[in-house]
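A.B. asks: Going down the list, the protein sequences come from chains E and V. Numbering-wise, the working numbering puts 332 at position 323 of the first sequence, and it's gapless, one number per residue. Numbering-wise, the working numbering puts 265 at position 256 of the second sequence, and it's gapless, one number per residue.
Source of the hints: derived by calculation from the structure; they are not laboratory data. All C-beta atoms, glycine included, are put in the ideal place defined by N, C-alpha and C.
Just some of the chain E residues that point at chain V, by a computed CB distance under 10 Å:
1. Thr93
2. Ser221
3. Pro237
4. Asp332
2 protein chains.
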Amino acid sequence: MLVGDPDSFRSEFPVLERLAYLNAGTEGPLPRRAAQAASERIEAELHGGRAGRAYAESIRELAGRLREAYARVLGCEPVEVALTGSTTDGVNTVLSGLRWSAGDQVLTSDEEHPGVLAPLGRLRRLEGVTVRVAPFERLADAVDGRTRLVACSHVSWVSGRVVDAAALASTGVPVLLDGAQGVGAVPVDVRALGCAFYAGSGQKWLCGPEGSGALFVAAERLEELSVPWPGYGSLADPSDPLESGPAQGAARLDHGFPPGVRSAWALASLAVLEEAGLDWVHERAASLAERLARQLEERGLRVAPRGRSTLVSWEPARGADADEEVARLREAGLVVRSIPSRGLIRASVGAWTSPEELGRLAAAAAAR
Amino acid sequence: MLVGDPDSFRSEFPVLERLAYLNAGTEGPLPRRAAQAASERIEAELHGGRAGRAYAESIRELAGRLREAYARVLGCEPVEVALTGSTTDGVNTVLSGLRWSAGDQVLTSDEEHPGVLAPLGRLRRLEGVTVRVAPFERLADAVDGRTRLVACSHVSWVSGRVVDAAALASTGVPVLLDGAQGVGAVPVDVRALGCAFYAGSGQKWLCGPEGSGALFVAAERLEELSVPWPGYGSLADPSDPLESGPAQGAARLDHGFPPGVRSAWALASLAVLEEAGLDWVHERAASLAERLARQLEERGLRVAPRGRSTLVSWEPARGADADEEVARLREAGLVVRSIPSRGLIRASVGAWTSPEELGRLAAAAAAR
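Next up, chain E with everything else stripped away, as it sits in the complex (with noise of 0.2 Å):
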């Protein structure tokens, strides 16, 4: 890859040569070497079995070094990082982890996804927490004595709003973000943040295969939470299981054994977006997204207010039902999705997008 060439870039994403693929905040495009080291992996399973020292020695190799990657475009410590399958996942460890009372308050968005929601719901029947709902721009305004967390997206997946996390922060209450369409998306500095947890998808913004996700846990947090979800591995003597204590930092926490073909699938995503640069890569991807936002207006669309992200969201033209204006758009090889129940259109920038097919999104949208 030409390191700061977009076309180089985006060579590596087959399926742009079919599809204007602006849809990684459902799933990422997958590059090249993403498969190719999967399927190098299978084929090593295949032939070479999956058991022994050095077969169990390879999967531990591969998910340290996965942790490593992970914390390393969340700006923490490996220490600090459990391999989970997904975004959900981390926020039911965060919820599921914490012990509450009855008569908890944790304060959430109005911008928020079922991946939070519904861990959140969970939360209210069986612990009898009061879930309060504020609006995403004034979130943290609505903190009150009471609040015992806040549990909220990093960047909206409504909107493409991005978070006040400062603000945030500044309350002292602790801060767990949804960071579905942050992570491999926009810059993510957990310490600059402020938040003591924060939960990635792998398979999104990052590129990596289903199943596959991370969860930041602040070092000073890591004893608050029990481990909600046990196994051989989160613990420190398997020898006694019952009676065993947890293992080392947050991989207490990781969501079962880390698959080999997953780790290796994960890594090299991570790669190829670490070997453009990650600054590039959400420079690059912010800069196009704000054009397609702008050429949306300038063709008269009405577009949800957004910040600094990859997403951009609008109403489509003439009151058109979003879903069949995303099967409209389908036909012309532009993949898009609708947000449900709100009657809006969501495209997702990357930078392996090009200028020209945000040009063509436009006139599509506006051509109805």
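Here the structure of chain E is known, so what remains is to put chain V in place on it, guided by the hints.
C.D. replies: Then chain V, alone, in the frame of chain E:
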């Protein structure tokens, strides 16, 4: 494949060309067709992208077929199957989904895996549940009026003994079976076993991918479980996640969205076993395992008391260290494992195993 022909079945598993692979109890050998199915799915994702209605439909369709396939091997309805990432996931789902009161008692055995004991340890610490341990072979006798659940292995990972499920069922206390060494290895009919819950692994005797598994929840027990790890897929109405009730059937307990690659791989592995005939697979593996046990005993080795299963555990000759013995056998191309803290060597015998391999293993094990 020539059905009923051992050599033809064996030739589906390339690792057997290089190794006497006798460790399906950790992870099974991979069939060539499974690796191919996984790689083909990855190629489709690479070139076609991973979004849109048709893609989402393909994920659902694969998951539905996998649920049906697991239901066939478990002897239940698809609506009673949750797709998990491991046996441990299934155990955690049941133990976290049931509602506990301090003083409730769970009965377990003295031959359980950390995948059962680690979740039980959590229950004891956080819910004040009493965990009582009784000998595996006399578990039903230990049930008393305070026992709310029996959680134990179908087949002991230590010895290969098979639990007396009929005796357990006759106590009337609900039973959660850890089927890690059961499903795919020995005949499983969850109705005949009379269990309420059965947690199995996909990557062991079913030769599927790491991070796969299934949980059976008897239809009449489903409402006793809350959804302990909710997400988009567990909701009846994802548009109202805070208020929504659970989705239909055991799918509400699925562990995350079922990844397409995982489903395609698991299905292809199951197809190889079903094509050979599960009855034949079970019968041949059990006969071969019995033969190995006999050969070891004939050579003066002490085989741990076992049942009609696919595991054979024995004490290393002349007091040797079990891990050193495993390493020595590995040098001879014989892949077995030790059982930590019991000082045993364990061989996993499959329908894919050849009599010649067993003769070689028995000779090598005695030849120290």
